[in-house]
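**Q** Given next are the chains, with one letter for each unit.
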Amino acid sequence: MATEAISSNPVLRLGRHVTWILVLATLLGFALVDQNVLTARNLRNILIQTSYTTIFACAQMFVILVRGFDLSLGAGVSLISVVVALVTTAVLGDGSAGLAVAAGIGAALAAGFALGLFNGACTAWLGVNPFVVTLGSMNIAFGLASTISGGRPVFGVPDEFSDLFYGELAGVPIPILIAAAVCLVSHWLLSSTVYGRSVYLIGTNERAAYVAGVPTRRFLVTTYVIASLLVALGAMMLTARTGSGEPSLGASLLLPSIAAAVIGGLSLQGGSGGVINALLGALFISVLSNGMNLIEVNGYLQDIVLGLVILGALYLDRFRRGRA
Amino acid sequence: MKAYAKAGAGRLLDLGLLPLALVVLFVGLALTEPRFLGPQNLINVLRGGALLMIVACGQMLVLIVRGMDLSVGSTMALTSVVSALVMAHLAPGSGPGVAITAGIAAGLAVGVVVGLCNGIAVAVFGITPFMVTLAMASIVGGVALSLTNGIPIYGLPEAFVAGLGRTLWLGMPPTVWAAAIVVLLVWIVQKYTALGTRIYAVGGSPQASRVSGIDVRFHLVLAYVGCALAASLASLLLTAQIGSGQGSVGDTLALQSIGAAVIAGVSLHGGVGRVQWVALGSLFLLLLNNAMDLLRVDSKAQAIVMGLLIVLVVALDEFKKRRKIDGH
Numbered sequence: 447m448a449t450e451a452i453s454s455n456p457v458l459r460l461g462r463h464v465t466w467i468l469v470l471a472t473l474l475g476f477a478l479v480d481q482n483v484l485t486a487r488n489l490r491n492i493l494i495q496t497s498y499t500t501i502f503a504c505a506q507m508f509v510i511l512v513r514g515f516d517l518s519l520g521a522g523v524s525l526i527s528v529v530v531a532l533v534t535t536a537v538l539g540d541g542s543a544g545l546a547v548a549a550g551i552g553a554a555l556a557a558g559f560a561l562g563l564f565n566g567a568c569t570a571w572l573g574v575n576p577f578v579v580t581l582g583s584m585n586i587a588f589g590l591a592s593t594i595s596g597g598r599p600v601f602g603v604p605d606e607f608s609d610l611f612y613g614e615l616a617g618v619p620i621p622i623l624i625a626a627a628v629c630l631v632s633h634w635l636l637s638s639t640v641y642g643r644s645v646y647l648i649g650t651n652e653r654a655a656y657v658a659g660v661p662t663r664r665f666l667v668t669t670y671v672i673a674s675l676l677v678a679l680g681a682m683m684l685t686a687r688t689g690s691g692e693p694s695l696g697a698s699l700l701l702p703s704i705a706a707a708v709i710g711g712l713s714l715q716g717g718s719g720g721v722i723n724a725l726l727g728a729l730f731i732s733v734l735s736n737g738m739n740l741i742e743v744n745g746y747l748q749d750i751v752l753g754l755v756i757l758g759a760l761y762l763d764r765f766r767r768g769r770a
Numbered sequence: 010m011k012a013y014a015k016a017g018a019g020r021l022l023d024l025g026l027l028p029l030a031l032v033v034l035f036v037g038l039a040l041t042e043p044r045f046l047g048p049q050n051l052i053n054v055l056r057g058g059a060l061l062m063i064v065a066c067g068q069m070l071v072l073i074v075r076g077m078d079l080s081v082g083s084t085m086a087l088t089s090v091v092s093a094l095v096m097a098h099l100a101p102g103s104g105p106g107v108a109i110t111a112g113i114a115a116g117l118a119v120g121v122v123v124g125l126c127n128g129i130a131v132a133v134f135g136i137t138p139f140m141v142t143l144a145m146a147s148i149v150g151g152v153a154l155s156l157t158n159g160i161p162i163y164g165l166p167e168a169f170v171a172g173l174g175r176t177l178w179l180g181m182p183p184t185v186w187a188a189a190i191v192v193l194l195v196w197i198v199q200k201y202t203a204l205g206t207r208i209y210a211v212g213g214s215p216q217a218s219r220v221s222g223i224d225v226r227f228h229l230v231l232a233y234v235g236c237a238l239a240a241s242l243a244s245l246l247l248t249a250q251i252g253s254g255q256g257s258v259g260d261t262l263a264l265q266s267i268g269a270a271v272i273a274g275v276s277l278h279g280g281v282g283r284v285q286w287v288a289l290g291s292l293f294l295l296l297l298n299n300a301m302d303l304l305r306v307d308s309k310a311q312a313i314v315m316g317l318l319i320v321l322v323v324a325l326d327e328f329k330k331r332r333k334i335d336g337h
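If you read the protein sequences in the order shown, they are chains A and B.
Per my numbering, residue 447 is the first one in the first sequence, and the count goes up by one each step.
Per my numbering, residue 10 is the first one in the second sequence, and the count goes up by one each step.
Next up, chain A with everything else stripped away, as it sits in the complex (with noise of 0.2 Å):
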């Protein structure tokens, strides 16, 4: 009935592929100011900025779809960075590089599921706000992140790590490949296995999930997991293109990960939408910024736009709710 009304009505058929025109229509735009915009290397770097973006989304999108939120997720990623230089420069102080880039990504791992383990667990068994939790974790991790580094980047990330996560493989960025595998996989987690459908029912409604014998606490839990997992690979791709282990790092990635999803169409609501809002979505927000980037828009009036978009994407997101 819902989706009859939809596709009968031309504007909210529309509607459905609003992202793909904005997409269009905002390279377009900038391409109109600057000649720079459309040529086959801006093009490669937006791909780039889109895997990084994409991975964040889709961390973000895990936990939406749950109704949850994460807002640890920028903390998260400094914290994880910071994580990844300590270890993998004291492990390279008295062994071999490969010994460094594993010991550097078991870290990773583990810190990242440390902290959605937290985020899930506060959530799913305390019954704590989602939004208050991350607020919290939030500013745990940062606080962790600026500790242990004494608030300044960590040097001396090796090269062997830089090139797994940073190189090219037959031509091919590796961001974008890991990218790639990420979406393919969350897609498959989400829509083939048991786990993946039970987040779209708790996401609708946890209580008749729960009565319908799915463990919600906990899928809550590994949904969490998952999320904060994404962001330490996140955290190490941007570590091994810096280089090196900011404390400052995630600062700004939280806002564009909100962002892409919920302008993706991911609705808070939960239990709708999938990895392909969350591509469209990162696909937009990382078009938006590079064109501001070329035609020097100031960071600054960047934060007002991010600011601007959430607010029109969650407008239109209850306009679509409403009529659906």
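If you are wondering where the hints come from, they were derived from the structure by calculation, not from laboratory data.
Where hints are given, some of them may not hold.
Here are the simulated distance ranges between beta carbons [to be verified]:
| id | chain 1 | residue 1 | chain 2 | residue 2 | range |
| --- | --- | --- | --- | --- | --- |
| 1 | A | I722 | B | I52 | 55 to 63 Å |
| 2 | B | R331 | A | L555 | 28 to 36 Å |
| 3 | B | V36 | A | L635 | 49 to 57 Å |
Backbone N, C-alpha and C define an ideal beta-carbon position, used for all residues, glycine too.
Put chain B on the given structure of chain A with help from the hints.
**A** Positioned in the frame of chain A, the structure of chain B alone reads:
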């Protein structure tokens, strides 16, 4: 109405812990750290506590109507910048009196505008408060920083800085008096006026309020405007203390004000919260910060403690509520 009164009484018993913790912290500090009881340190604690108190009172109003305001820090930044710009611009030409009046008016106007934007987005457009204020924090903070490019604004009238920021009225900093007035005012509204009762009702059950004829949207907007105004007032006092307009003031205040409110038993589910407890909660947090400062705990590390504390307090609250439901 009776239900709310009862919830208040229940809180009172629960909250016996807060005054106790406050006293323990105070005595502990006084015994272990001789510098703590120095008049300068005490005045600093009171001044900081008063500032937080003003912001937390506003935050409480929004929490009572089931919202949350993450934009108080940015509102403070923009208020500081705008009022300083106005004062610095007017002071040479029109004299300090006009400049100060216009600056304060401009600063408070910032609060009203931000509060209206938040309130309308929540009440009329129906967007989740959390997201509205997160996005507004980015927008308002962006405006503040692009107005200043991150550089402090000097040239405030001397009368403003000396008369409001760096003086004592009857032995107390003006900020403390301002906080006392705000707390008293909100207390009167909450305890004795129909407006206060309606705000609790809107938070307790928006549905029921609507059918009993309360204009829910109006009261929602009012709560957000009140919150942003409180933040602006705090920012004006802080600007006078610092002596310049800065786009970076208030960045920890969102977390701290939420912390002060939830420690004081303000429920995230709306409908519950008393201003006198929030005042105590603010003092407690400030004492805690002061203790950590005196123990030379890095300010970044203090964020860890704040984060843990907030999650812990809310978890305890949920636990208590669940036990109550199971028990009956």
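**Q** Compare the structure with each hint and give your call.
**A** Cross-check of the supplied hints:
1. The beta-carbon spacing between I722/A and I52/B, approximately 59 Å, falls within the hinted interval of 55 to 63 Å.
2. For the pair R331/B and L555/A, the supplied restraint of 28 to 36 Å holds, since their beta-carbon distance comes to about 33 Å.
3. Roughly 54 Å separates the CB atoms of V36/B and L635/A, a value that falls within the hinted 49 to 57 Å.
The structure meets every hint from the earlier list without exception.
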